[in-house]
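S.K.: Below are the chains, spelled out letter by letter.
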Amino acid sequence: MTEPAAETAVETAAAETAAVETAAAVAPAEPASRPLRERLLVAEGLHKRFLHEGSVVEVLKGVDLVIDEGEMVCVVGQSGAGKSTLLHLLGTLDLPSKGTITFADRDLTRMSSSELAAFRNEKIGFVFQFHHLLPEFDAIENVMMPGLVRGMNRGPLRERATALLEEVGLAHRFKHRPGELSGGEQQRVALARALVMEPAVVMADEPTGNLDSETSEAIHQLFFQLNATRRTTFLIVTHSRDLAARMPRVVSMKDGKVLTDERRPDAEFAAAAAPHTEPPAVDAPPVEPAAEEPEEALPAS
Amino acid sequence: MARPEARADAVRQSFGPLPLVHGLLALVCLGGFIAIAAAWPALWQLALADAGLAYGIAGGFLGLVALTGLLALLAHRRTRRVQPGYRGRGRLMARSLHSVVALLVTLVPLAIFFHGSTKAFETGFAFSYAHDEAYYALPMVLRTALIISGVVAVVALLLDLILAISTWFLLPERFRKGFWLVFDALALAGFVWATATLPIRPEEEGLEFVLEPGIRLALTSLFALRVTVRALPFVMHSLERVTFELTIAARHLRSKKSGFLAAIGGLSILAVSVSTCMLTAVLSVMGGFRDDLKQKILGNQAHIVVDQDEERPFEGWDDVLGRVRGIDGVEGATPFVRGEVMVSSTSNRAGAVLRGIDPESVGDVTDLVDNITNGRMDYLIHPDRLLNLPAEERRSILPLDIELGSDDEGDAPEIEVIDDPAEPAAAPEEADDEPIRDLDEFLREDAPLDQTEVADADVLPGIVVGKELARTLRLFVGDELDVVSPLGELGPAGPMPKARRFRVAAIFYSGMYEYDMKMAYVLLPNAQRFLSTGGAISGIEVKTREVDRAPEIAQAIADELETGTPGRPELRVQDWQELNKNLFGALALEKLAMFVTLGIAILIAGFCVFGTLTLMVQEKGREVGILQAMGTRARAVVSIFLWEGFLIGIYGALMGLGMGYVVVFILEHFGVKLNPEVYYIDRLPVHTDPMEFVAVGVSAVVICLVATLFPAYLASRMRPVDALRQL
Ligand SMILES: Nc1ncnc2c1ncn2[C@@H]1O[C@H](COP(=O)(O)OP(=O)(O)OP(=O)(O)O)[C@@H](O)[C@H]1O
Ligand SMILES: [Mg+2]
Chain A
1 MTEPAAETAV ETAAAETAAV ETAAAVAPAE PASRPLRERL LVAEGLHKRF LHEGSVVEVL
61 KGVDLVIDEG EMVCVVGQSG AGKSTLLHLL GTLDLPSKGT ITFADRDLTR MSSSELAAFR
121 NEKIGFVFQF HHLLPEFDAI ENVMMPGLVR GMNRGPLRER ATALLEEVGL AHRFKHRPGE
181 LSGGEQQRVA LARALVMEPA VVMADEPTGN LDSETSEAIH QLFFQLNATR RTTFLIVTHS
241 RDLAARMPRV VSMKDGKVLT DERRPDAEFA AAAAPHTEPP AVDAPPVEPA AEEPEEALPA
301 S
Chain B
1 MARPEARADA VRQSFGPLPL VHGLLALVCL GGFIAIAAAW PALWQLALAD AGLAYGIAGG
61 FLGLVALTGL LALLAHRRTR RVQPGYRGRG RLMARSLHSV VALLVTLVPL AIFFHGSTKA
121 FETGFAFSYA HDEAYYALPM VLRTALIISG VVAVVALLLD LILAISTWFL LPERFRKGFW
181 LVFDALALAG FVWATATLPI RPEEEGLEFV LEPGIRLALT SLFALRVTVR ALPFVMHSLE
241 RVTFELTIAA RHLRSKKSGF LAAIGGLSIL AVSVSTCMLT AVLSVMGGFR DDLKQKILGN
301 QAHIVVDQDE ERPFEGWDDV LGRVRGIDGV EGATPFVRGE VMVSSTSNRA GAVLRGIDPE
361 SVGDVTDLVD NITNGRMDYL IHPDRLLNLP AEERRSILPL DIELGSDDEG DAPEIEVIDD
421 PAEPAAAPEE ADDEPIRDLD EFLREDAPLD QTEVADADVL PGIVVGKELA RTLRLFVGDE
481 LDVVSPLGEL GPAGPMPKAR RFRVAAIFYS GMYEYDMKMA YVLLPNAQRF LSTGGAISGI
541 EVKTREVDRA PEIAQAIADE LETGTPGRPE LRVQDWQELN KNLFGALALE KLAMFVTLGI
601 AILIAGFCVF GTLTLMVQEK GREVGILQAM GTRARAVVSI FLWEGFLIGI YGALMGLGMG
661 YVVVFILEHF GVKLNPEVYY IDRLPVHTDP MEFVAVGVSA VVICLVATLF PAYLASRMRP
721 VDALRQL
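Line order of the protein sequences matches chains A and B. Each step along the first sequence adds one to the number in this note's numbering, with nothing skipped, and position 115 is 115. Each step along the second sequence adds one to the number in this note's numbering, with nothing skipped, and position 245 is 245.
Hints are computed from structural coordinates only; laboratory data are not their basis. Just to be clear, a hint being listed does not mean it is correct.
Here are the simulated BS3-like pairs of lysine-lysine, each with C-alpha atoms no more than 30 angstroms apart in a straight line [to be verified]:
id: 1; chain 1: A; residue 1: 175; chain 2: B; residue 2: 256
id: 2; chain 1: B; residue 1: 581; chain 2: B; residue 2: 294
id: 3; chain 1: A; residue 1: 98; chain 2: A; residue 2: 61
id: 4; chain 1: B; residue 1: 591; chain 2: B; residue 2: 518
id: 5; chain 1: B; residue 1: 294; chain 2: B; residue 2: 177
id: 6; chain 1: A; residue 1: 175; chain 2: B; residue 2: 591
If you want the ones that stay clear, here's a sample from chain B, every Cβ over 10 angstroms from chain A, calculated [unchecked claim]:
id: 7; residue: 190
id: 8; residue: 213
id: 9; residue: 252
id: 10; residue: 376
id: 11; residue: 480
id: 12; residue: 484
id: 13; residue: 547
id: 14; residue: 578
id: 15; residue: 594
id: 16; residue: 623
id: 17; residue: 627
id: 18; residue: 630
id: 19; residue: 636
id: 20; residue: 657
id: 21; residue: 692
id: 22; residue: 721
Cβ coordinates follow ideal geometry from the N, Cα and C atoms, glycine included.
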């Protein structure tokens, strides 16, 4: 994705605020009535069943969701509600039992597996619930991995990965393997990896689940900042009330269905404004290679 | 990830310096064992020559073993006081126990050595010298003790190896690194020293000449091994830079894996290398046999034969001979007549092929003249000279060198001509199974040389026979023999076999049993007369300048005979390969069969690779899912695992080829003696063909790749989500 100028982003944000205000009364199931934004990801009637020891487990029971370009969506719901499953379907890691998913008017459910692979590589960045780093590679190589998959040159890729790792506060952990990183550090490496290709959509499954509140806050700021500067769309599953409260749109799920889908323009505005009022969370802790604290917290700025 | 490290830490803390002591102990004990095992035969030799030195060395061993035993006991006492993880403790206990057993076991032969005389010591190594008389002179109890100690020692050696390896990893990593550093420095120094000072191959036959090149070979191999081990990480590292798939594959192979996968992975590399090593060695030996055979055939037979159907006589051959000799690339050509005959001496008879040759030109075509071991070609032309051989020449030609150079009979010339026609009764009775040597002895006693008088015997045409035929018929140079042709003349009572008497002019040894047993050469005119062919011959033998061009020269000869004037299209031209088609066909088939049989060994190694990769796919399934989530295509996943199989295959194959090269080198230069009575060849022939090495290596890699196909396909079929859900 090309990087739009900051001004455009602000402009769009402002325009959107207006649009959302006018459409505030409209039900979320009819997103077509909000013309100012491009529909990026549209899921219609998503069903997902699993066969478990002979019996059918219905995990998603008809989910409709429209995500616009540059939107920040938060998915909440109790454990086992099907949030991760939904994320996997939207990210084309799994096929729905029924229903369609379109991305920028392309039907994802009809694409071949190699087209999907290319699509994922280019458009989607994942942060998994369990991090899922490659254990044989160190932090920087893990971050570079999507680029290597695409066949990019190592030099520029390494620069980009270095910048991202610094941004998530891991400047002193480049050479550590996942086994030598704390849970929160692993999560941040996974985050850097999701962002390295500058994808159109970042899908994050509890990206700050293992982090202390300060580090989480810094990561959330990073999300909002990226959303503002690059118009990256975020789809974040979280149990964090704090984050959910600040997200412009919250989809809550229960038993495989969408329970509510609210938009809160004020929240988005507050969040989008945040990076400008506060210094971005790029301050890495001082480099201390010998430090072995299990939880590495970003110092409060 | 960090678990093994952590465990090692725990062990280090709880044991104190004990693992170090034990690791050293393991090394010392292992070294001692190897030294003892290696030194037993040497000690045996030494004891014969210098008993004092042998006692000294044995005493040194005893001291060494006692020391290790003592250390083991001390360590064993300490293990009770500390509270280490039970695995490490188990290992140490096992080591200690084993060391005590080893001490006792080694003590037994040493005790016998000190107790008994040098004679008793000769029996020290129960297995090698079990057949020795001295061994049976020992009392029963001692013999039993020796055998038991031998068996236990072998088991103990194996156990020691395993234990040494397992305790080795209890040592701190820093120590191990340091050890390898010192070891490699020593290996390098040893390699340099050996290359500079020691000969690469034995200069002469004999055990004492093998030692130095043997040491050089061992040092060089060790050095090469260490270099590969050291270079491997660098190679892998640079491989990682090539493509993304290779990056992942190389990392997978390098990563620490679960114990079973690591074991089976190592095993599959070992299996591939052992099977390729075996295959190359066996193919080289078979190639050696083939080469040997080819050389012998070409020595005895012409490269090209021009002949005609048996039925019609080959007339007008003078002109053909001239024309063949004129063809480019032909070195020599000679006419021959051949016929199946029966030869009989006074003691025995045998079937043979009678060949009439032209002694002038036969030397240009075959090695017959060079192969003569007794007598002279000259006597074939002038058989009268056989009648009064000068005494010393008769001496030099009389002994029949039967034992193929194995015994040098300096006193043999006393043997008398076997078949004195004057007194046929002097010939030994029918005794086929009686060794020739006894016959010599018999003759030596009963017929002294100076009594022989052959002056008034008839001048008979000469004949040259092979060594085996001479042995069967008990012939010596100057003896007479009867040649009987089944196609005889017509007598009053129907066809009668035709018989002629010849005198042995020379005996040849070609090294090929078939020839040595079957061939009898006479002069061309004699053969023509005897076989009633008139002026005709059986064919013309041709030798080419380069053997490899034989087929094309054969073609040239055929063309010349067909198109030249006068045209002789009825003649048949065959090169040596066509002539021996069946033999070489059989050899090729045998080789192919061997390739397939041993190829199955590689196939089994392939199964091992299959297992490894399937496990790898299982174990790395989650990572495959992650990669797929990041946009890795199914094709790339397949190639990741194919690369892994390829790397395993190529690593195993290279190791195997290296080992195979060492084995072939040993076979070729250090020589494996064969029983010439059985194999008709005195040492294992070896012919290394680089193409064969390449073929074996390539097939090993291909088999590994094929074995990887299914696991790789399996990996690519995994859906990202399923892979990711694996924990
Ligand atoms: N492969 C499968 N086979 C059977 N059941 C499955 C499978 N995958 C998921 N489920 C079930 O689907 C339900 C939803 O799973 P999912 O991982 O989407 O929950 P979640 O909302 O992400 O929960 P959490 O907040 O705890 O992560 C769970 O009850 C789970 O047992
Ligand atoms: Mg979940």
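S.K.: The structure should be examined with respect to each hint, and the outcome stated for every one.
M.R.: Verification of the supplied hints:
Taken as a hint, the residue 175/A and residue 256/B pair is honoured in the structure, with Cα atoms around 17 angstroms apart against an allowance of 30 angstroms. With a CA separation close to 12 angstroms, the supplied pair residue 581/B and residue 294/B stays within the 30 angstroms bound. Distance check on the hinted pair: residue 98/A and residue 61/A sit about 9 angstroms apart at the alpha-carbon level, within 30 angstroms; holds. Between residue 591/B and residue 518/B the CA atoms are separated by roughly 27 angstroms; this keeps the pair inside 30 angstroms, and the hint holds.
With a C-alpha separation of about 53 angstroms, the suggested pairing of residue 294/B with residue 177/B is violated against the 30 angstroms cut-off. Between residue 175/A and residue 591/B the CA atoms are separated by roughly 54 angstroms; this puts the pair beyond 30 angstroms, and the hint is violated. Look at residue 190/B: its CB is around 36 angstroms from the nearest CB on chain A, clear of 10 angstroms, so calling it non-interface holds up. Non-interface status of residue 213/B relative to chain A is upheld: no Cβ of that chain comes within 10 angstroms, the nearest being about 44 angstroms off.
At roughly 7 angstroms from the closest C-beta of chain A, the C-beta of residue 252/B falls inside 10 angstroms, breaking its exclusion from the interface. Every CB of chain A lies more than 10 angstroms from the CB of residue 376/B, the least distance being 78 angstroms, so the non-interface label holds. Separation of residue 480/B from chain A is adequate, the least Cβ-Cβ distance of about 86 angstroms exceeding the 10 angstroms criterion. For residue 484/B, the condition that its CB be more than 10 angstroms from all CB atoms of chain A holds, with the nearest at approximately 84 angstroms.
Distance check for residue 547/B against chain A: the nearest CB is about 54 angstroms away, which clears 10 angstroms, and the non-interface claim stands. Distance check for residue 578/B against chain A: the nearest CB is about 57 angstroms away, which clears 10 angstroms, and the non-interface claim stands. The beta carbon of residue 594/B is kept farther than 10 angstroms from every beta carbon of chain A, the shortest such distance being approximately 41 angstroms. With a minimum CB-CB distance of about 5 angstroms to chain A, residue 623/B fails to clear the 10 angstroms threshold, and the non-interface call is violated.
A Cβ of chain A approaches the Cβ of residue 627/B within 10 angstroms, the least distance being about 7 angstroms, so the stated non-interface status is violated. Distance to chain A contradicts residue 630/B as a non-interface residue, since its nearest Cβ pair spans about 5 angstroms, not more than 10 angstroms. Some Cβ of chain A comes within 10 angstroms of the Cβ of residue 636/B; the nearest lies about 7 angstroms off, and the non-interface call is violated. Distance check on residue 657/B: its Cβ is at least 29 angstroms (rounded) from any Cβ of chain A, clearing the 10 angstroms threshold; non-interface status holds.
No beta-carbon of chain A comes within 10 angstroms of the beta-carbon of residue 692/B; the shortest separation is about 38 angstroms. A cut-off of 10 angstroms between C-beta atoms contradicts the statement that residue 721/B is not in contact with chain A; the least separation is 4 angstroms.
Of the hints listed earlier, those the structure fails to meet are numbers 5, 6, 9, 16, 17, 18, 19, 22, in rising order.
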